[in-house]
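Asks: In case you want the letters, here they are:
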Amino acid sequence: MAAKKPKLAVWKFASCDGCQLSILDCEDELLTVASAVDIAYFPEATRAATRGPYDLSLVEGSITTPHDAERIHQVRRQSRYLVTIGACATAGGIQALRNFRDVKRFLSIVYARPDYIETLSKSTPIAEHVFVDYELRGCPVNKYQLLEVISALLNQRKPVIPNHAVCVECKLRQHVCVMVARGTPCLGPATQAGCGALCPGYARGCYGCFGPKESANPPALSAGLVRLGVTEDGLVRAFRSFNAAADVFRRESELHERPNP
Amino acid sequence: MSRTLTIDHVTRIEGHAKITVELDDEGRVADARFHVTQVRGFEKFVEGRPYYEMPAITARICGICPVSHLLASVKACDEIMAVRIPEPAQLLRQLLHCAQFVQSHALSFFYLSAPDLLLGMDGDPAARNVVGLAQKHPELARDGIALRKFGQQAIERLAGERVHPSWTVPGGVNKPLAAEDRDFILGELPIARSIARRTLKFFRGALDRYRDEIEHFGNQSTRYAALTGVDGNFAIYDGLLRFKDADGNLLATVKRPADYARWIGEATMPGTYLKAPYFKPVGYPAGIYRVGPLARLNVAEQCGTPEADAELAEYRQRFGRMPRSAFLFHYARLIEALYCIERMEQLLEEPDILSPHVRATAGVNALEGVGIAEAPRGVLIHHYRVDEQGAIRWANLIIATGHNNLAIRQSVKQVAERYLDGRQLTEGMLNRVQAVVRAFDPCLSCSTHALGLPPLEIRLLSAAGEVLHAVKV
Ligand code: SF4
Ligand code: SF4
Numbered sequence: 045m046a047a048k049k050p051k052l053a054v055w056k057f058a059s060c061d062g063c064q065l066s067i068l069d070c071e072d073e074l075l076t077v078a079s080a081v082d083i084a085y086f087p088e089a090t091r092a093a094t095r096g097p098y099d100l101s102l103v104e105g106s107i108t109t110p111h112d113a114e115r116i117h118q119v120r121r122q123s124r125y126l127v128t129i130g131a132c133a134t135a136g137g138i139q140a141l142r143n144f145r146d147v148k149r150f151l152s153i154v155y156a157r158p159d160y161i162e163t164l165s166k167s168t169p170i171a172e173h174v175f176v177d178y179e180l181r182g183c184p185v186n187k188y189q190l191l192e193v194i195s196a197l198l199n200q201r202k203p204v205i206p207n208h209a210v211c212v213e214c215k216l217r218q219h220v221c222v223m224v225a226r227g228t229p230c231l232g233p234a235t236q237a238g239c240g241a242l243c244p245g246y247a248r249g250c251y252g253c254f255g256p257k258e259s260a261n262p263p264a265l266s267a268g269l270v271r272l273g274v275t276e277d278g279l280v281r282a283f284r285s286f287n288a289a290a291d292v293f294r295r296e297s298e299l300h301e302r303p304n305p
Numbered sequence: 070m071s072r073t074l075t076i077d078h079v080t081r082i083e084g085h086a087k088i089t090v091e092l093d094d095e096g097r098v099a100d101a102r103f104h105v106t107q108v109r110g111f112e113k114f115v116e117g118r119p120y121y122e123m124p125a126i127t128a129r130i131c132g133i134c135p136v137s138h139l140l141a142s143v144k145a146c147d148e149i150m151a152v153r154i155p156e157p158a159q160l161l162r163q164l165l166h167c168a169q170f171v172q173s174h175a176l177s178f179f180y181l182s183a184p185d186l187l188l189g190m191d192g193d194p195a196a197r198n199v200v201g202l203a204q205k206h207p208e209l210a211r212d213g214i215a216l217r218k219f220g221q222q223a224i225e226r227l228a229g230e231r232v233h234p235s236w237t238v239p240g241g242v243n244k245p246l247a248a249e250d251r252d253f254i255l256g257e258l259p260i261a262r263s264i265a266r267r268t269l270k271f272f273r274g275a276l277d278r279y280r281d282e283i284e285h286f287g288n289q290s291t292r293y294a295a296l297t298g299v300d301g302n303f304a305i306y307d308g309l310l311r312f313k314d315a316d317g318n319l320l321a322t323v324k325r326p327a328d329y330a331r332w333i334g335e336a337t338m339p340g341t342y343l344k345a346p347y348f349k350p351v352g353y354p355a356g357i358y359r360v361g362p363l364a365r366l367n368v369a370e371q372c373g374t375p376e377a378d379a380e381l382a383e384y385r386q387r388f389g390r391m392p393r394s395a396f397l398f399h400y401a402r403l404i405e406a407l408y409c410i411e412r413m414e415q416l417l418e419e420p421d422i423l424s425p426h427v428r429a430t431a432g433v434n435a436l437e438g439v440g441i442a443e444a445p446r447g448v449l450i451h452h453y454r455v456d457e458q459g460a461i462r463w464a465n466l467i468i469a470t471g472h473n474n475l476a477i478r479q480s481v482k483q484v485a486e487r488y489l490d491g492r493q494l495t496e497g498m499l500n501r502v503q504a505v506v507r508a509f510d511p512c513l514s515c516s517t518h519a520l521g522l523p524p525l526e527i528r529l530l531s532a533a534g535e536v537l538h539a540v541k542v
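Taken in sequence, the protein lines are chains G and D. Throughout the first sequence, residue numbering follows the working numbering, covering 45 to 305 in sequence. Throughout the second sequence, residue numbering follows the working numbering, covering 70 to 542 in sequence.
If you are wondering where the hints come from, they were derived from the structure by calculation, not from laboratory data. Be aware that one or more of the hints could be misleading.
In silico contact screen, one side only, chain D against chain G (beta carbon under 7 Å); selected entries [what the hints assert, rightly or not]: (1) ARG129; (2) CYS131; (3) GLY132; (4) SER235; (5) LYS244; (6) LEU258; (7) PRO259; (8) ILE260.
In this text, a Cβ means the ideal position worked out from N, Cα and C, and glycines have one as well.
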């Protein structure tokens, strides 16, 4: 049966490339994936650029320039499904820390001629600009979850991605809870699973790189963290990292911010 | 009137950039510039964060070589804590670093360069990728995938995650190596070594086909900078930063990381976020130096492992003691990959490698720290200042593509002088400009820690700053 292969495109906005490189990390599956889909646009891996429309667009990175704010609409128009991959595309990424600062000021400190550079004052997730069919979490994404999303959407089904907390993964892997056993602050209870409880596996607290889990309860977590000695400033920083612009985390960080910085 | 003509997209350099060529009143080339026009702003938004968060944050600068950022960052943090990390932790960090060089060089050679080198620059662009390579040279593509996987798996065994490892921490690493993981990596090692050997042999055989490229791609006379061991041999994790001139004379040895600023100045150029470091004793803009695989092999006396040294001797026999051509990056990378595999074996056989003593703990004992490590593309410097509580007050990051900024500008200018025809950017010139820029293998994720740039755009400006011609490639 010579059905036409679905066309896949990979787009990049402000990001580190880590998420799209996860595609190349699927070594064993790489050639299989490549034979099942027509990789129509993937600047990191191939020079080929086939015209749209594309059946599936994977978008990495956040929107930080006026040019990108327009470009994402073009991507949307050409794509049947649009999936954001990673914390940058889904929640603005680590660069969204600038959303809490005066960008103009910091540009002029680092760089001599800021007037040349066009940058928006905020780093925003893709979904603030266009409709997104599915958001894959993580900084970086989990490559097996990525394969699952690709194959689910190309087969017209819903991706099977758990939305419970990192805590559940700790239990599944029989990690000792770092918070209860060692008093190490951990965002696991409010963070979506997907990483396999990587940090607790190294006796470290989770710092929330997969972003808030569904119906997370950050205020309860904050209260627990305070009991472990985390300061108000510490709470602001804890919720303000790789998913700083994710609503639930942003609100929680703002709650603990002192009124006059 | 300016005419815009759009040709192929510059792909497979990681990230995108913009180049301008400026003319003087007589219409001659006055200057060229390499721009990075977007910023993620790491140096500023980290202010106020505790220093021990820096490794995890700065690893997100670049998904291609996160391990290099991690290591430069933890080394700067070690200085802030004023600790000497336990020997086994040193070994483990080196092991991680070698593994990342193997994976990154494999990515660069097999996924990004080999398709062009082997399928021909004029081949069908749609097939010029690792998949096309798999059809034409299946063994080579399989080798490439296997070699990258070897490096990535070693990273995963050590650090749990491949893109942004969270195992490396200030003061050491936070989990000893398990015997089972050591044995696993040792078990995979012979295959990786034979891939590196095979590929080198294959590449040497193909070299004659590239005589033209070797002669013309970034064949510049510049200074070189690289880390070396105290003995002057190849080093990537720790050592002394040394500068040599184009003839191989030693110009400077940076004894302590914190002294880098005595030798490296940083200029800013209008219109780009990428700063332009220069060799201070010579000044700006003449103080051009290059970093990266070519520079490392030029600055080092020897590699220090038997097979890589034999390969290095052969390389020097072919191209001299101080080769200049940026095309040789490919060759140098393969030698480095072989070195790293050999070095990994040595490290894994160290008696202390499984020791549980892998982490020193301390608070803030110094208000400043500098970490220097080699990234696959060249010297990487992280420099932090903190307050008494350990919150970052100021940070400066100098990345490989930055060090090469002036050299890139010089070679673009040379190409423009030679090939510019009147007020139009011709195809011949564009291809060559692309080729020299690509030869530097600029990583724009790292460049000012920005990404998501528009594709490479080349603009020709008149003396008055008017755009005469712009092309997106
Ligand atoms: S989400 Fe993290 S890993 Fe992915 S592109 Fe952004 S910074 Fe890189
Ligand atoms: S434990 Fe938390 S911070 Fe660590 S990888 Fe998982 S989600 Fe990310």
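Asks: Now tell me if each hint is right for this structure.
Replies: Comparing the hints with the structure gives:
{"no.": "1", "hint": "ARG129", "in the structure": "holds (5 Å)"}
{"no.": "2", "hint": "CYS131", "in the structure": "holds (5 Å)"}
{"no.": "3", "hint": "GLY132", "in the structure": "holds (2 Å)"}
{"no.": "4", "hint": "SER235", "in the structure": "holds (6 Å)"}
{"no.": "5", "hint": "LYS244", "in the structure": "holds (5 Å)"}
{"no.": "6", "hint": "LEU258", "in the structure": "violated (17 Å)"}
{"no.": "7", "hint": "PRO259", "in the structure": "violated (19 Å)"}
{"no.": "8", "hint": "ILE260", "in the structure": "violated (13 Å)"}
Hint violations for this structure: numbers 6, 7 and 8, all remaining hints satisfied.
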